[in-house]
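Novice: Note that the protein sequences, when read in sequence, are chains A and B.
In terms of UniProt numbering, the first sequence opens at residue 1 and continues consecutively.
In terms of UniProt numbering, the second sequence opens at residue 1 and continues consecutively.
Read the hints as simulated data drawn from the structure, not as lab findings.
Treat the hints loosely; a few may be bogus.
The list treats identical chains as one, so a pair stands whether inside a single copy or across any two.
As the list claims (entries may be wrong) - The calculated SDA-like cross-link candidates involving lysine to any residue, where the alpha carbons are at most 20 Å apart (straight line), are:
(1) Lys30 x Lys181
(2) Lys109 x Ser275
(3) Lys4 x Leu14
(4) Lys30 x Thr165
(5) Lys181 x Glu32
(6) Lys139 x Asp95
(7) Lys103 x Lys178
(8) Lys250 x Asp226
(9) Lys108 x Pro92
(10) Lys264 x Ser27
(11) Lys169 x Thr33
(12) Lys108 x Glu93
(13) Lys264 x Ser275
(14) Lys264 x Met94
(15) Lys64 x Lys103
(16) Lys267 x Asp36
(17) Lys5 x Lys30
(18) Lys109 x Met94
(19) Lys178 x Ser97
(20) Lys30 x Glu173
(21) Lys108 x Asp96
(22) Lys132 x Ala142
(23) Lys108 x Thr165
(24) Lys132 x Arg145
There are 2 protein chains.
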Amino acid sequence: MQIKKFPEFCEQVLPDFNKFLNDKLNSEIKQETLRDAMLYSLNAGGKRVRPMLFLAVAYSCGVKLEDLPKYFDIAGAIELIHTYSLIHDDLPEMDDSDYRRGKLANHKKFGVGPAVLAGDGLLTQAFYWIAKSSLVTDKRMASVRILAHNAGPMGMVAGQMTDITMENKKLSEEDLTKLHKQKTADLITAAVTMGAFCANHDSSKNLVKYANSIGLAFQLKDDLNDSDNDEDDNKNTFPNLIGKEATEVKLNDLVKEALNAVLKEEKFDKNLLVSFLDYFRE
Amino acid sequence: MQIKKFPEFCEQVLPDFNKFLNDKLNSEIKQETLRDAMLYSLNAGGKRVRPMLFLAVAYSCGVKLEDLPKYFDIAGAIELIHTYSLIHDDLPEMDDSDYRRGKLANHKKFGVGPAVLAGDGLLTQAFYWIAKSSLVTDKRMASVRILAHNAGPMGMVAGQMTDITMENKKLSEEDLTKLHKQKTADLITAAVTMGAFCANHDSSKNLVKYANSIGLAFQLKDDLNDSDNDEDDNKNTFPNLIGKEATEVKLNDLVKEALNAVLKEEKFDKNLLVSFLDYFRE
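Chain A with its partners taken away, still in its complex shape:
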């Protein structure tokens, strides 16, 4: 029985995936402070959206539920990268956040030096996990390439640099879209395209379109949720630039674009990715 709803898919897969993440890091990392700091942020309440999307795409391409654990190393690598990016983002000279999801930020709990290193450790270990995965070499190699391209200085890191250097300066709508694309959408696009590639799926032009749209939608939804917060007035966000209502219209358009894109995809069970869009309607 094929699962059709994204939340149900997560319910089935997440417990094993969470156990996998923790067992693996616990057994690999011997340096205690480093292990504690890495695990602290890995277990700080994230919903695992990116690795679940990766696994959902693989499943939608025909990988059976019982075979998904073979893809956990690569899904895990995506989550390690996302976790590192949050730790470094929260640092005093970056976003300077003392809390993340109601828990102390990594650097408030362990200190700035250890937090930098916990991030470096998570980032590097991601590539180790891909290299050691049991998938065939070509899939691992493509995963390294896509992930490094989208999460590195041609993607996410570039977006983050634009974000911190342009704070308090007004960006155009075009530049802000580019910033969000790099900072948020590129890693989500990596998760989706890696999922298709690892599951032998031919074309992924529509999936890239889907992923880019939901990536931007993510950022808009986040910024709409935060837009009542006065502190954020100087941040480069769509609610600050074009107002809340216009941002809501834009968010709806992006969700429609994502839907249209995924409906065009062939040889692909569309249910899970269509169901995922409900998140933006909540």
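Fit chain B to the given chain A structure using the hints.
Specialist: Frame of chain A, contents of chain B only:
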């Protein structure tokens, strides 16, 4: 005519390699601040010891001088990793160094936030370069695995964490050796073993022994050079722990161990790696 001396090898290879590094990063990184910050530290006077060792090992295994540029992506990845580690090491809450090789540290030149991101960018791009190299997939995959293993939280990052958390606490000789092995030797060992692997060299047990010994010797020589500096009294170094003379004896022993190890290596031109040991006798 096979080159026999390491300095002569570097003289032949370095100009092209330096041009390669700069051209590649310049063309790939579009975000200006990020590109500037990454290139600043990449060109801050490093001697490219690790990538030159990687290339020297490949050459000693039989790769022709004119074919070495095919190995530049992977040599470059090693240098990117080394450069990122220096940027993050110099940060205020790490080693807190305002200068590196007589030039302003990255965070003094660009700010702490951009320096963290320049490091993240270099680290991630290293894996992109390996993934995009023209070497066969197995060699690229092994390079990702060895580099991530030795430079990440099971190697260099673990050593760095021990270093900053144990500062002002006295380590045993055994623990200090482990710290130096991880923090300094592991990346050098990665360079040497990746060189052998990429050049189809069978066994590398002796090369690992060679690499570990020169890795530790590097750290001892550095610490001996710095040992007249009063500021460093609280640092965990061999000169501080066992005294300068005993450290010199230890350094000599390591160089002898390295020499013995490389002389045992078969089907391998030993000249370059033997010549490299002169560095420790200067």
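Novice: Each hint needs a verdict: does it hold in this structure or not?
Specialist: Consistency of the hints with the structure:
1. Lys30 x Lys181: between (36 Å within a copy, 14 Å between copies)
2. Lys109 x Ser275: Result: close neither inside a copy nor across copies, 37 Å intra and 48 Å inter.
3. Lys4 x Leu14: within (16 Å within a copy, 57 Å between copies)
4. Lys30 x Thr165: between (36 Å within a copy, 15 Å between copies)
5. Lys181 x Glu32: Classified as between: cross-chain Cα gap 17 Å, same-chain 36 Å, threshold 20 Å.
6. Lys139 x Asp95: neither (35 Å within a copy, 39 Å between copies)
7. Lys103 x Lys178: neither (30 Å within a copy, 34 Å between copies)
8. Lys250 x Asp226: This pair counts as within: shortest intra-copy Cα distance 16 Å, inter-copy 59 Å.
9. Lys108 x Pro92: both (10 Å within a copy, 16 Å between copies)
10. Lys264 x Ser27: The answer is neither: 43 Å in one copy and 35 Å across copies each exceed 20 Å.
11. Lys169 x Thr33: between (38 Å within a copy, 15 Å between copies)
12. Lys108 x Glu93: Classified as both; 13 Å inside a copy, 13 Å across copies.
13. Lys264 x Ser275: within (15 Å within a copy, 62 Å between copies)
14. Lys264 x Met94: Neither: 40 Å inside a copy, 51 Å across copies.
15. Lys64 x Lys103: Result: close neither inside a copy nor across copies, 36 Å intra and 56 Å inter.
16. Lys267 x Asp36: neither (43 Å within a copy, 45 Å between copies)
17. Lys5 x Lys30: Neither, since 39 Å and 39 Å both go past 20 Å.
18. Lys109 x Met94: both (17 Å within a copy, 16 Å between copies)
19. Lys178 x Ser97: Answer is neither; intra-copy 24 Å and inter-copy 35 Å both fail.
20. Lys30 x Glu173: Result: close only across copies, 19 Å inter versus 47 Å intra.
21. Lys108 x Asp96: both (10 Å within a copy, 19 Å between copies)
22. Lys132 x Ala142: Answer is both; intra-copy 14 Å and inter-copy 9 Å each pass.
23. Lys108 x Thr165: between (23 Å within a copy, 15 Å between copies)
24. Lys132 x Arg145: both (15 Å within a copy, 7 Å between copies)
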